[in-house]
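2 protein chains.
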Amino acid sequence: MAEHHVVVIGGGFGGLEAVNGLKNANVRITLIDRRNHHLFQPLLYQVAVTTLATSEIAWPIRTLYRDQPHVRTILAEVVGVDPNDKIVRLDNGQTMDYDTLIIATGSTHAYFGKDEWAHVAPGLKTLEDATMIRRRILRAFEAAELEQDTDKRRALLTFAIIGAGPTGVEMAGIIAELAHKTLHGEFRSFDPAEARIILIEGGPRVLSAFTPELSEYTRNSLEKLGVEVRTDSIVSGCSEEGVSIGEEFIAARTIVWAAGVQASPAAKWLGVEADRAGRAIVDENLRPAGLSDVYVIGDTAAVASNGKPVPGIAPAAKQMGAYVARRIRSKLAGTELPGRFNYRHQGNLATIGTRSAVVDFGKIKLRGALAWWLWGIAHIYFLIGTRSRMSVAWSWLWIYLTGQRSARLITQKEAAPPPAPPST
Amino acid sequence: MAEHHVVVIGGGFGGLEAVNGLKNANVRITLIDRRNHHLFQPLLYQVAVTTLATSEIAWPIRTLYRDQPHVRTILAEVVGVDPNDKIVRLDNGQTMDYDTLIIATGSTHAYFGKDEWAHVAPGLKTLEDATMIRRRILRAFEAAELEQDTDKRRALLTFAIIGAGPTGVEMAGIIAELAHKTLHGEFRSFDPAEARIILIEGGPRVLSAFTPELSEYTRNSLEKLGVEVRTDSIVSGCSEEGVSIGEEFIAARTIVWAAGVQASPAAKWLGVEADRAGRAIVDENLRPAGLSDVYVIGDTAAVASNGKPVPGIAPAAKQMGAYVARRIRSKLAGTELPGRFNYRHQGNLATIGTRSAVVDFGKIKLRGALAWWLWGIAHIYFLIGTRSRMSVAWSWLWIYLTGQRSARLITQKEAAPPPAPPST
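Protein sequences appear in the order of chains A and P.
For what it's worth, UniProt numbering labels the leading residue of the first sequence as 1, then goes sequentially.
For what it's worth, UniProt numbering labels the leading residue of the second sequence as 1, then goes sequentially.
Because the hints were derived from the structure by calculation, they are not lab data.
Don't take every hint at face value.
Since the list can't tell identical chains apart, any single copy or any two copies may satisfy a pair.
Here are the simulated DSS-like cross-link-like pairs (lysine-lysine), alpha carbons at most 30 Å apart as the crow flies [stated by the list, open to error]:
#1 114 <-> 331
#2 152 <-> 224
#3 413 <-> 114
#4 125 <-> 181
#5 152 <-> 86
#6 413 <-> 125
#7 114 <-> 365
Small disclaimer: the values here were computed from a predicted structure and weren't measured.
Work out the full structure, taking the sequences as your base and the hints as a guide.
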């Protein structure tokens with residue numbers, strides 16, 4: 001058994017890429033995650049809108065490394081790190097020594113100090129988030145079928161999505177299609193096409209990471225699908241009854257949060273400096289100051305490359321994971337260490353409903369049906385394993401041909417709301 | 001709009017068959033279910049053992065009737081019936097008049113007075129039951145990877161299934177395959193083949209509804225798969241620590257209940273006589289005594305046919321649903337009413353792992369691989385819609401070819417145990 005022990009916390013894109021990069025290196029690896037599955041987050045919104053089933057975008061992590069005896073997978077929650085003694089603490093009381101530690105624990109939703117909004121405006125980070133949002137969307141239509149009060153029915157059929165980045169745009173587009181196409185003819189007391197889908201963005205345009213032309217195209221496409229796009233609109237309140245934009249109140253019983261993220265507490269564990277989003281500030285080699293055997297990668301880390309902050313997206317996490325693996329290999333082999341981490345931006349992609357997308361590869365910019373096919377092929381390519389690729393391709397093909405979505409299940413009961421916060 | 005209003009409570013096999021049988025009859029129908037989906041219960045155990053995804057065996061009920069405007073689907077829980085005023089009461093406070101009422105609300109688990117076992121020995125009736133059992137099975141293996149105490153690990157790797165009817169037999173066979181084949185090579189601190197699967201049956205043989213020869217064959221097949229079969233074994237206790245058979249205690253952290261069912265409270269709603277399992281006693285036309293406009297069908301009803309009690313299985317529920325629809329049509333048309341309900345038993349089927357099954361069609365009895373193919377084809381045939389048939393066929397084919405199961409996800413947190421019952 002190899003002597004050098006690498007502990008990787010987090011089985012997301014960054015963590016898996018680091019483990020993969022250390023294949024056949026002379027190390028033993030322990031991969032710790034609090035979930036038993038790797039989740040393909042870029043398609044998570046499709047679970048929330050009944051397009052895909054949970055098992056199509058999630059894979060048991062330990063299956064991926066079944067043939068690599070040097071990798072041990074642990075299902076546990078990390079509660080702390082002691083970088084002086086080089087120890088990771090688990091929630092079951094056990095500890096684990098490491099020689100090198102890679103923290104790739106991702107991020108969660110941020111409500112900008114309004115944590116009381118979390119219960120009424122869930123974000124989309126886990127499979128449970130997705131099935132909860134799916135449940136709320138479907139239940140709203142079901143409740144509308146029984147509602148006799150016109151105003152209340154209107155509120156039930158109003159869906160507000162806060163934040164017009166790729167996730168918000170994609171959610172809004174598919175909810176519109178769900179309401180206006182998939183559910184057509186299924187209700188007797190109202191026409192699901194009456195459903196109102198509102199996409200609310202604080203900034204001046206949707207998809208701000210894309211070019212203004214693609215943003216404009218996206219806005220027009222969404223509006224053709226029946227989405228109301230509200231830019232320059234700062235949300236001032238969220239409740240069970242609806243959402244407020246400044247002084248204006250919109251009655252909406254379903255609210256989805258796609259507006260901000262907060263890094264996981266890696267910086268706190270390590271006692272190192274963090275930026276405003278809670279991301280650990282790391283050097284050009286992805287190490288927090290003063291800790292030469294710890295790397296922080298993915299959207300848990302704050303780092304700049306070529307003078308610009310590296311975005312919190314899957315390709316960046318994968319590049320960081322691969323970089324760290326290269327560094328560890330070089331160090332153990334005694335060869336020259338790779339230089340500073342350089343992020344190569346490969347492009348931005350987002351879909352708008354079933355037959356349209358926008359793609360920005362820098363020099364190449366595409367929109368419409370061709371972009372949509374490219375988006376679909378790229379995402380299928382990045383899924384893990386033949387089984388998932390065929391299954392997702394088949395699910396999409398079925399919806400493309402029939403308009404029918406198979407994962408329209410209301411499961412699990414809604415948890416009771418949390419107790420009211422103490423008044424301050 | 002038709003004048004005669006038929007209310008159907010329950011979108012299971014019986015309820016849907018009744019609605020289907022009333023197509024083009026001069027009635028309007030309201031179908032009430034507390035879930036938004038019809039569930040193909042015969043394959044539910046395959047969700048619990050990671051073979052199938054939830055969406056492969058469940059369909060949104062309202063989609064089935066999108067093209068039948070005379071059918072209205074309601075997602076609501078029925079809390080009572082007033083047969084004098086011909087009213088159904090819903091949980092949201094609304095009421096609904098009916099001209100004819102069909103109750104097809106199914107059954108739930110029965111713990112024979114030991115309701116405190118329910119939390120540690122869940123049964124298998126809903127999608128949530130299935131994902132909970134799946135979570136417990138997978139978590140047990142995960143916890144075993146971290147457990148350093150040999151006895152505790154042994155308890156984590158012991159799975160007790162109580163009740164050796166078709167569900168118990170099928171669960172035991174597939175858990176054995178999961179442990180001994182699918183998980184092979186994925187753990188570092190133990191060999192999953194060490195897992196102990198115990199099938200506990202109070203009666204003298206497994207699959208008591210089948211012939212003794214097929215029972216014997218099934219027992220031998222299970223034992224070859226590594227299942228310990230304990231017949232004539234009455235469970236005297238269930239706890240978080242394990243299961244007791246008489247004086248013997250078996251440490252087992254995962255227990256599945258497949259031993260008994262209790263009818264839903266239709267008899268209580270109606271104020272009519274019930275049998276010991278809580279089923280409403282109905283006449284030869286499936287009506288409770290004194291209520292000429294109410295039918296109770298499926299495993300909510302206690303009725304005999306040809307001198308034998310009709311079993312609580314899907315084909316019986318479907319036959320009852322079709323019979324009641326025929327009766328209603330005849331009554332409205334003023335033609336001769338069909339005679340008494342006659343149950344035609346079509347046979348018994350059960351699988352034992354992936355390549356073996358037993359089939360008892362009365363004169364024709366099959367076992368082994370041929371029976372397994374027949375079982376598979378029959379079940380795919382009875383699924384609803386091309387999409388599900390192809391999806392399930394594909395999932396099974398993939399497992400058959402690769403041994404890999406795709407739905408190995410631990411989702412949702414375990415609910416806290418219920419408060420201890422008051423001491424008596």
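* Going through the earlier hints one by one, which of them does the structure break, listed in rising order? -> Hints 1 and 7 contradicted; others consistent.
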